[in-house]
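Asks: Sequence:
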Amino acid sequence: MLLKLVQKIFGSANDRLVRRLGHVVQKINEIESNFTALSDYDLQQKTAEFKVRLEKGETLDDILPEAFATVREAARRVLGERHYDVQLIGGMVLHNGMISEMRTGEGKTLVATAPVYLNALSGKGVHVVTVNDYLAQRDAEWMGRVYNFLGLTVGCIISGISDMERKKAYQADITYATNNELGFDYLRDNMKFSLNDMVQRPFNYAIVDEVDSILVDEARTPLIISGPAEDSSQWYYIANRYMSSLTTGDYEKDEKGKSITLTDSGSAKIEEALERDGYLKGSSLYDLQNISIVHHINQALKAHNMFHRDVDYIVRDGQVLIVDEFTGRIMDGRRYSEGLHQALEAKENVNVEVENQTLASITYQNYFRLYPKLSGMAGTAMTEAQEFDDIYKLVVVEIPTNQTVTRKDNDDEIYRTKREKLAAIVQLVKERHEKQQPILVGTISIENSEEVARELTKAGLKHNVLNARFHDKEAEIIAEAGYPGAITVATNMAGRGTDIKLGGSYDVHLKAALQKAGAVLSETARKELEASVRAEIKALEDTVKAAGGLYVIGTERHESRRIDNQLRGRSGRQGDPGETKFFLSLEDDLMRIFGSERLDAMLVRLGLKEGESITHPWVNKALERAQKKVEARNYDIRKHLLKYDDVMNDQRKVIYEQRKEVMNAESIHETMEESRLELIHHTLNAHISESNHIEQWDLNGLHEELLRIFNVNLPLDAWAHEEGVAYKEFVNRVETQTIAAWVEKEKNFPGELLHRVEKDIFLHSMDQLWKDHLHTLDYLRTGINLRAYAQRNPLNEYKQEAFDLFTTMLDKVKETIVSILSHMNLNSKDEDAQKVPLKNTVLEDANNNRLMTDDELELMRMVPRNGPCPCGSGKRYKECHGKLVV
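So in numbering that gives the first Met the number 0, the last one in the sequence shown is 885, and the numbering has no gaps at all.
No wet-lab data here; the hints were simulated from the structure. Please note that a few of the clues may not be correct.
Stated by the list, open to error - Simulated restraints on C-beta separations:
#1 785 - 283: 33 to 41 Å
#2 512 - 236: 41 to 49 Å
#3 47 - 201: 19 to 27 Å
Stated by the list, open to error - Once the Cα atoms are required to be at most 25 Å apart in a straight line, the calculated DMTMM-like pairs of lysine to aspartate or glutamate come out as:
#4 372 - 54
#5 628 - 587
#6 417 - 586
Ideal Cβ placement from N, Cα and C applies to all residues, glycine included.
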């Protein structure tokens, strides 16, 4: 009560911040006339002036008012759009490293230009992150006109472009890119073998568009670069075959927790089938040697009962493609991990791809935390404010709308059955369509959108369907969704990044008119045509406004309030009229999972008849509480996953930093010498001790290790029993002879070649062992939660074991490098090895197995791990030269 009173008097923290930024806007408005009076040339020269002032010690905050005024005037001249005051406030929020929540239609794309321009003046680069290639290209071209006018360069990163094009785009002052491309480029860069091959430069500042989608929704799925592992595709087919024999009593499904397990009866059925087909051979399903079989059975069980076609994924061109549950878009290039994707492929009877092994991975949380300065913008971010603050240290600021929102949001209508709900939706669509009111029907899955479409077709109502099957037509369909009487059925992707304008899109209509005109028009004729199209759109807009604006119908509540708010936000942009309503049934997933049985029984007692609905604000509040519970649970899942990934992230930083240091160094020869000496001491200490008698020394073990690691065959037994040779003398002989053997071998290597080989082998070995380490951590994660049964904290156990494994891996890196170098010989036809050109140099190991020429080194890295080795040995690559190359 006291808090509400204080907020009423002084305003909330959000209100106070907006007011404070409003004072800066006043300064910008006061100097606006000065910039309006400038010629194009003088306005463009402001960029050079600002850069000089920054070099002389002024800060970005010092020049902010003038820089924002410059961008505002440039946008007015180039785009014909002038930033509203609230857009400047949104821009300042972004510059301050916060999240700007702005309603749909408030022009977030234009808002970003001011902070992007200001921060790009530092010359360190600014990344603008979008959710798909279309938006990245569109915004780079559209807003790029403003930046280019002011003398800044703009790059765009989309899928399919070359490394050279990527590097050029990253070198630009401003780079537009998707979150996927940025993350994968980071991982690929840290698998390169030369700093010159890396495409990204040091991180500086990023603005994330649709920040809720990228930093929250997609944060649950890590970015993974993988390579083929052992082929186990037959087991996916085998496990899939047994699923048809299971009934609902054979497994327990927890839809809230999204988990599924076999019951005793289910386990017995599967075990009996496996025994019959000769796969168990007298053992039990849950015996240790059958852990892989259990894994495949569990994934098949999940694929058949927890993942649904046209909801969680679609099948197109013989491929299983994931559908993002929040945006409804296809997640190109993404696959479910741990064999789940292969299980779905077996279920859908398409080709099961070879299971992959992780080579490099990172979560979006940890990727975007690499930026020293991060900000974002979205139409709906306030519901996730706690998560943004906890994980990214980002504060969400709600920006006032430029025009007062006049949209009417009706209470939900709840029906007993889905059939009654659909009938009510079709009836409302029909009524509004007859009034020439455009209608957007939002669904939460492809399956539901097509079900609604079928009912509309039966009713004779012409409509457009927008879902993951037709995502390439998204902009085109949304552009016409505001046309009088238009009916658009869309999944959650509705309007993402593209506003629905009442009356239709001017650009689309103008393009059609120009195509119809055919011949190239004169400037006068074109202006007349543009004026005609503008007048036509205005008339259509007036018709729609008179009909009540865009009517948004929700066919089901999403588990996230934010997605529902995004759907509602399609209507009522920039003060336009509009109306929204959600239709629910007790058969909907959210209602069914959260206790619809009690509500159904109550409605029956109240005498609710066929076709009747219940509508009350209390119902809306109850649904909101259920959504909050789901949101809280999903956040806990993401937070839990992040705690585990943070362990790997600390290790990832060490590995990537060490790789860069190696690539940047002219030579690591001194480091290798230190590692060799350290390894000799470690090997000696592991097998002999000054405190033990010679008979207690493990001379055979020491001999084998010295031969294996250092390629030296020393008479250890003779030395140990030689009269007058004590421990220190013995150790000294081993050290001296082992180092001498390397020094002798070293003479055969031209200095430049040795330094290059040392660096290459260091990187190869580290990458191979890091990949194996990731694989080990995956297995550790899988079973770590079982430690809870022993009253031990799984996260603490994971941290400790992961640290021990990492330490062991780093030691193994040193050993591997020293061992490879010690067994490597130089083979050259030229008697004077110092004069042999590098490209003719061939490296061989002690058994005369051909390794690689300098020119072949890069080509070898591209060979598939399970393919034949190009050296002609007849072995698989990973069993031959692939041991050295990742």
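Asks: Verify the proposed pairing of residue 372 with residue 54, using a straight-line Cα cut of 25 Å.
Replies: It holds: about 20 Å lies between the C-alpha atoms, which stays within 25 Å.
Asks: Does residue 586 lie within 25 Å of residue 417 when you go C-alpha to C-alpha?
Replies: Judged against 25 Å, a Cα distance of about 6 Å means the pair holds.
Asks: Using the C-beta atoms of residue 785 and residue 283, is the stated range 33 to 41 Å upheld?
Replies: Roughly 18 Å apart at Cβ, these two residues miss the hinted range, so it is violated.
Asks: Does the beta carbon distance between residue 47 and residue 201 stay inside 19 to 27 Å, or does it fall outside?
Replies: Given about 24 Å between the Cβ atoms, the range holds.
Asks: Please test the hint of 41 to 49 Å on the beta carbon pair from residue 512 and residue 236.
Replies: Check failed, 56 Å falls outside 41 to 49 Å.
Asks: Compare the distance between the alpha carbons of residue 628 and residue 587 with 25 Å, and conclude whether the hinted pair is satisfied.
Replies: holds (17 Å)
Checked against the numbered hints above, the structure violates hints 1 and 2; every other hint is satisfied.
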